[in-house]
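J.: From first to last, the protein sequence lines stand for chains A and B. Residue numbering for the first sequence follows our numbering, beginning at 1373 and increasing consecutively. Residue numbering for the second sequence follows our numbering, beginning at 25 and increasing consecutively.
Calculated from the structure, these hints are not laboratory results. Heads up, the beta-carbon is just placed ideally off N, CA and C, and yes, glycines get one too. Among the clues, some could well be false.
As the list claims (entries may be wrong) - Quick list of simulated restraints, FRET-style, between CB atoms:
(1) A:Val-1522 / B:Phe-176: 37 to 47 Å
(2) B:Arg-202 / A:Thr-1480: 38 to 48 Å
(3) B:Ser-148 / A:Ala-1772: 20 to 30 Å
(4) A:Leu-1717 / B:Arg-105: 24 to 34 Å
(5) A:Glu-1439 / B:Leu-301: 46 to 56 Å
(6) B:Ile-128 / A:Pro-1645: 52 to 62 Å
(7) A:Gln-1783 / B:Ile-155: 16 to 26 Å
(8) A:Thr-1480 / B:Leu-117: 30 to 40 Å
(9) B:Ile-128 / A:Glu-1439: 22 to 32 Å
(10) B:Phe-294 / A:Gly-1759: 54 to 64 Å
(11) B:Val-102 / A:Gly-1690: 34 to 44 Å
(12) B:Gln-306 / A:Pro-1645: 26 to 36 Å
(13) A:Asp-1591 / B:Leu-301: 56 to 66 Å
(14) A:Gly-1690 / B:Pro-115: 19 to 29 Å
As the list claims (entries may be wrong) - If you only want the chain B side, here are some residues facing chain A, beta carbon under 10 Å, derived:
(15) Tyr-101
(16) Ala-131
(17) Asn-135
(18) Pro-146
(19) Arg-202
(20) Val-206
(21) Val-208
(22) Val-233
(23) Phe-239
(24) Met-240
(25) Phe-249
To be verified - Non-contacting residues of chain B with respect to chain A, defined by C-beta distances greater than 10 Å in every case (computed):
(26) Leu-120
(27) Asn-150
(28) Ile-174
(29) Leu-277
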Amino acid sequence: MNKILTLIAILAILGGVLAACAVPGGGEAPAGGEEEKVILIGAAVSETGKYAREGGDTRKGYLLWEEWVNNEYGGIKVGDERYKVKLIMYDDEGDPDTAAKLTEKLITEDKVHFLLGPYSSGLTKSASAISEKYNMIMVEGNGASESLFVRGFKNLFAVLTPAGNYTESGLKAVADAGAKSVVIAYEDTAFPTSVAEGAQKWAKEYGLEVLAVETYPKDVADVSGIMSKFKDLNPDVFVGGGHFNDALLFIRSAKELNFTPKAMIITVGPSNPKLVKELGADADYVIGPTQWDRTMSYKDEYFGTAEEYAQRFEKKWGEEPTYQAAESTAAALALQIAIENAGSLDTDKVREALNAMDVVTFYGPIKFDETGKNAGKPMGAIQIQDGDIVVIAPESAKQADLIYPMPPWDQR
Amino acid sequence: MELLLQALFNGILLGGYYAVMVLGFSIIWGVMGVINLAHGEFLMIGAYGAWVLFRVFGIDPFLSLAIIMPVMFGVGYVLQRVLINRVVERPHLISLLVTFGLSIALANLFNVIFTADPRTVPVSYNGSFNILGMTVPIVKTMILGLALLIMFALHVFLQRTRLGRSIRAAAQNKNAARIVGVEVGRVYAITFGIAIALTAAAGAMISPVAPIFPFMGPPFTLKAFTITALGGLGRIPGALLGGMVLGLVETLLATFVPGVGTNVGIAASFVLLVLVLILRPQGLLQGLRPMEVE
């Protein structure tokens, strides 16, 4: 008897937990009466797993847009009517198979009208394969690898600068400052691979000799083998392609082995204030590409200037927006503009509107080429100087000059 | 030549770390026959413990071991009594399920508490010095020294003390141990406590050199599995040998194979695993118990 009671109690608790989990984020059902017009937009974005950090930025970017479009903007204009947005997001756990499965669920079970992208190129690659199969439009802001856009898909649109161009402005800056040689290490997944291929191309373009190129797997715990090899080559510039954790690992490892190139260019990590918070002075002088910065001079009629967007973000989330958050908002905004221009929820019409799009937003210009990439947007570069993230390129948003060479680790 | 020396040294540093990281996993498996899939999560907890103590109280991560190890011993002891004890001596699958569930629960709990932002403990002395043209990373060398010390202490404990002998007795034949008056249940709980304390200590030790985040655990669990199978279950010399072999193979390949060395190193560790399982299923050194399939 006692056992049965315990069992019932456990089941009841489990049931409660499941019910609580099952309520999708954002928006409640309209409280009866007049029916509200709603556009369902779905996305699989990491909440756990390796990309939990960056996935969180992506979610915050999407949610900021959802709140703004529903409460301030009054809903998306479709013809003469206003549609509220309901965002449905699931956790893909950083796993490509899960991202694909969830995308399928969003399309077939939740019956979303449009999709937004996950975080990272690898996940975007698998998610977009499903959306293409169902002829669903996916606008994304966090899959930069060129390999996404050579598959002939007609429903995938990316608002961000492609990965191959990430290191262009950084490499140009160090080459102008006198650098002669470069070594490259990158994670062997879609995005860093594109970054590294681009880095080799731009290094050649700016007259830098590539001394070595090294790859490492996604869950690497130690890069000292790569770093001691690089130290032996004594290059002027180190380029690291990876995500936030890899930036920590590269900087730690370089310091431990006293590997002192004259400049370190690392993707994803440096533009995030949290890297400085964790590493302190060791993060100084590191250069990073940035898709967007609040100091950039872009603006639009929706979110205002880049700075105004940043303030809005801070007010809602209590932290500075990373570029990953800004490009996620921009992806959602591009979808909104396309729906409004099309005046319809019809996939074909919205696709036409996306193909014809040529606007400038708080995030920068958005104009898709025939493959769906945002071809026109330049990539900036930042350097961490004395604990601050300052823009060193492009010229129009520059806050300070590049410091080159960086001082050795023991002289800081 | 210089590069070779450096690579060997880096390999030994990595191997020493692997050895101390794997101890807890190896002991639990060896003594209780439980494969602890939440191993990496306990390591993660130790790393977060060191991070909190450093950020809030300014305690050095190596000194914080004095706090983290007793606390985690207590956690391990209680956890064994309320949870793990129910699955000891059951088929492997049951303990796999329980510890797998535990790993997911812990990782997500820490994700809620600490968010997914990667952390690190920026100790001021995290640099290097030169000996004979070799770069010696200070923190990693300290980790190696401490790892050897811990292994030596544990070895003495298991071989020389009464409690240590009861642990080994329970591992070898629990019925015989019961007959001669060993309280197996208590011994299991103490063993689990020690193993969790060691694992958390390993986490605290790498907090200055590795990113700390809620989902850092699974790669460590996988590595622990490989090393344990390589070296033999539940024995300290086995853990040391397995760790060193893996550390050296990975580092040497990463340094001398151009382009894809790091990947080849990790692939090689699994090739090694398969070879050992075929040729010497008891591990390179004889373990506490054979790796029988139940």
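J.: Can you tell me whether the CB distance of A:Thr-1480 to B:Leu-117 sits inside 30 to 40 Å?
T.: Cβ of A:Thr-1480 to Cβ of B:Leu-117: about 33 Å, so the range 30 to 40 Å holds.
J.: Quick check on B:Pro-146 please, does its C-beta sit within 10 Å of some C-beta on chain A?
T.: holds (5 Å)
J.: Do the beta carbons of B:Gln-306 and A:Pro-1645 sit within 26 to 36 Å of each other?
T.: Since B:Gln-306 and A:Pro-1645 have Cβ atoms about 52 Å apart, the given range 26 to 36 Å is violated.
J.: Is the hinted range of 22 to 32 Å satisfied by the C-beta distance from B:Ile-128 to A:Glu-1439?
T.: holds (31 Å)
J.: Classify the hint on B:Asn-135 as holds or violated, based on whether any CB of chain A lies nearer than 10 Å to its CB.
T.: holds (6 Å)
J.: Quick one, is the B:Tyr-101 hint okay against chain A at 10 Å, beta carbons?
T.: violated (25 Å)
J.: Non-interface claim for B:Asn-150: all C-beta distances to chain A beyond 10 Å?
T.: violated (7 Å)
J.: Would you say the C-beta atoms of A:Gly-1690 and B:Pro-115 sit inside 19 to 29 Å of each other?
T.: Given a distance of about 49 Å, which is not inside 19 to 29 Å, the answer is violated.
J.: Given B:Val-233 as an interface hint, is its Cβ closer than 10 Å to any Cβ of chain A?
T.: Because about 5 Å separates B:Val-233 from the closest Cβ in chain A, which is inside the 10 Å limit, the hint holds.
J.: Between A:Val-1522 and B:Phe-176, does the beta-carbon spacing fit 37 to 47 Å?
T.: violated (57 Å)
J.: Falls inside 24 to 34 Å, the C-beta gap from A:Leu-1717 to B:Arg-105?
T.: Violated, since A:Leu-1717 and B:Arg-105 (Cβ atoms, about 58 Å apart) do not stay within the stated range.
J.: Confirm or reject the claim that A:Asp-1591 and B:Leu-301 have a C-beta distance inside 56 to 66 Å.
T.: Check failed, 22 Å falls outside 56 to 66 Å.
The structure shown violates the earlier hints numbered 1, 2, 4, 6, 10, 12, 13, 14, 15, 19, 20, 21, 25, 27, 29.
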